[in-house]
Amino acid sequence: MKFLDKLFEQQTRQLAQRSSRRGMLKTLGGLLVGAGTIPLLPVARAAAEAPGHPVEEGDPGSCDYWRYCAIDGFLCSCCGGSENTCPPGTEMSPVTWIGTCRNPADGRNYVISYNDCCGKSSCGACLCQRDEGDRPPYRPDKTNDINWCLGTSSAAYHCSTAIVVGVAFEEK
Amino acid sequence: MNHAFKGQCWLAALAVFSLSGGVSAAQDRPPPLPIEPTGVVESLPASYPPSWFLVHDAGFFHMGDGKVYVIDTAASTLPEQVKGTFNVSMIGNISQSVSRGEIYATETFHSRGSRGDRLDVLTIFDRQTLSPRGEVILPTGKRFMGMPERYAMVLLDNDRWLGVANFSPATSVTLVDLDTRKIIGEIPTPGCVLSYPTGKRGFSSLCADGRFLSTELKADGSLAKQTRTDPFFNSDSSPIYERPAIIGTTAYFPSVAGLVYPVDMSGAVAKVGEPWNLVPESERAENWAPAGIGLIDRDDQGRFYIIMHPGATNGSYQGGGPEVWVYDAAGKKRVLRIKLQAWGLTLAVSRGKNPVLMVVNPTDMSLEMYNTSSGDFIRTISGFGQETPLMVHGSK
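Same order as they appear, the protein sequences are chains A and B. Going by the working numbering, the first sequence opens with residue 1, and the numbers climb by one from there. Going by the working numbering, the second sequence opens with residue 173, and the numbers climb by one from there.
Do not rely on the hints blindly, as some may be mistaken.
As the list claims (entries may be wrong) - List time: in silico DSBU-like cross-link candidates among lysine-lysine, alpha-carbon distance up to 35 Å:
#, chain 1, residue 1, chain 2, residue 2
1, B, Lys-568, A, Lys-142
2, B, Lys-443, B, Lys-525
3, B, Lys-504, A, Lys-142
Claimed, not checked - One-sided and incomplete, this derived list gives chain A residues near chain B with beta-carbon spacing under 8 Å:
#, residue
4, Ser-122
5, Ala-125
6, Glu-132
7, Gly-133
8, Tyr-138
9, Arg-139
10, Asp-145
No lab work stands behind these hints, which were simulated from the structure alone. Cβ coordinates follow ideal geometry from the N, Cα and C atoms, glycine included.
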C-alpha cells in the first residue's frame, strides 16, 4: 500500500534540492516526523556474520533499507513487527505485490514480497514510499496502490513487510 | 469597621450604581434577539455552482473515517468555503450524477470497526442533504480498494446503470441498476482493471498486457461482447497511467515517460490513436515527465491539465511535481505552464466557461487555486479539517 510516502520521503529529497529550505522544509518538518527520517542506527549484520553466511546490511527501520525499494506504506519494523514479521495481533495478507531489490551486501537482486499486515487501523509510523519498479493497478503483481489486505479477515491496513522470497534472475 | 468590611461596602454600592446605570442604558438598546428554532439542518442547492469542488480526504491515517468535503472555491473565508461533508469509509471512490441528484460512494465496514463481519456497500448520497438516500450491498471483499481513482466507477446509459470495478485481486465489474438499486450482474474482466465509458452502453478496462478490453452490454445489462484491442504499450518498459482525462469521447492517457495516447471511446471498442509527446523537444533534456496521484483532469474548453516534474527517475512517477502543464488536446499543443507555489500531488478543474484549477499541495495538504487563463495563483484553502486529500473532483 502506498501513496503518501512520496510526500514524506521522496519529495523531501526533491524539494530540498529545488526549493527554499526556509519556506518549504519548515512546513515539511512537521510531516516528516515518522517518515524516512526516523532515528537510524544501522545494523551492521554483514560484519557480524562469518564468511560463507548470507549477509545484508542496513536499518529495517529506515526507508532507505535496501528491501524497501518498491514499497509504499508504513514500515512494520516501526509498528511492533519487523521487516519480515507482522506486529502482534495483526494478520499477514497472503496475497501481495513484489519488487526486485539489490542487496548491497552481496550484490544480488532479490525478489521481495511486500505482505501487508492487517486487522488494525493504520500504524501511522515510518511512512515510506520508494516505488522503484512500481506499476499502476493493471499490473497487480507490481502495484502498491492497492490495499493488499485481501484474503484476510479484515480489510484494515496496518503496515507492510518486505520479505525475501527468492533470488532474482540475473539480467543478461 | 475594619478595612475588609469597608471594602465590601464600597463594592456593594458600586454594584447598585452599575445596575441602575444598566437599566437606564437598556432603554436605549435595540430589541432583544428573537428566540431561535432548534434542530434546523442546512441543505444544498440541487445545482452546484461551478466553483464547488468535492475534496476527497481518504483518511490515510484512519481509513475507516474517510471524508468528502464540499468546498466553494469562490468564497474567501473558511466559513463560506465549507458547504458540508459526507463520510466515505475505507478508501472508497465517488461518482456524481447530476440528473439523479446523487453521489455514489463505494464503502467498506467491519461490524466492530477494524474487525468483525465485513460489509461492502454502494452508498447513494443525496446531493442536497449529503445524507444516504439508499444503498446497494455489494459482493463481499471485491470492490476496488486503493488510491482513489476517477474511473473505479462508471455511469452508463444516461446514468441508468453504474459499473463498480472490482479487484480481489480477481478483476471484474459489478453492474448496478440505479432505478431499482439492484445488482444486474458481474462481468469478469480477466487481466484488466477499472472501467472507462465506451460507446453507447459499454466500458473498457486496462490490461496488464498493454491493451484494452472493451465490454459491450445488451439492453438488459447482460454481456453482449468483449473485445481485446492490439497491445499499444508495454507495462514493463513503457507503462501508461491508468488515469486519463476524458474530453468528449476521447480519453487522453498519459504515459509515465511523457507521451499521451488519445483513445477514441465513441465506438463499441476502444480505438487507440497515435501518441504524442507532452514535452517540447527543446525541454526534453531536463527529463520532464508526469507525476502524481490524481495527476490529470480536463476542462470544458478541450484542454487537459497535468502535473509535471523534471529529473524523472525510476519511482518518481507518483510523487507529484512543481508545475502544471495545460494542453489544447485537439491541437496537441501546450498552451500554458503553471508554476505552482510549492508542489502538486493531485488536481481538478472546474466546469464551465471560466474554469479554475485546484491543486493539492502535499507539503502541507492545503488546496491551491489557480486561474486557468493566466496561471496566476488565486488563494490557498486550508484548515477545514483535511488531513490527506488525495483526490479532488470538480462538481458536476
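Given hint Lys-142/A paired with Lys-504/B - CA-CA distance at most 35 Å = holds (31 Å)
query = Does Ser-122/A meet its interface restraint, that is, does its C-beta lie within less than 8 Å of any C-beta in chain B?
reply = holds (5 Å)
ask   = Has the given pair, Lys-443/B with Lys-525/B, been kept, meaning a C-alpha gap of at most 35 Å?
value = holds (29 Å)
key: Status of the Tyr-138/A interface restraint (C-beta, 8 Å, chain B)   = holds (5 Å)
inquiry  = Interface hint check: Gly-133/A, Cβ to nearest Cβ on chain B, cutoff 8 Å. Holds or violated?
reply    = Status holds, d = 7 Å.
ask   = Under the criterion that the straight-line Cα-Cα distance not exceed 35 Å, is the pair Lys-568/B, Lys-142/A satisfied?
value = holds (34 Å)
query = Any CB of chain B closer than 8 Å to the CB of Ala-125/A?
reply = violated (10 Å)
key: Interface hint for Glu-132/A, Cβ within 8 Å of any Cβ on chain B   = holds (4 Å)
ask   = Holds or violated: is there a CB of chain B closer than 8 Å to the CB of Asp-145/A?
value = holds (4 Å)
message = Can you verify the interface hint for Arg-139/A: is its Cβ closer than 8 Å to any Cβ in chain B?
response = holds (5 Å)
Of the numbered hints given earlier, the model fails hint 5 alone.
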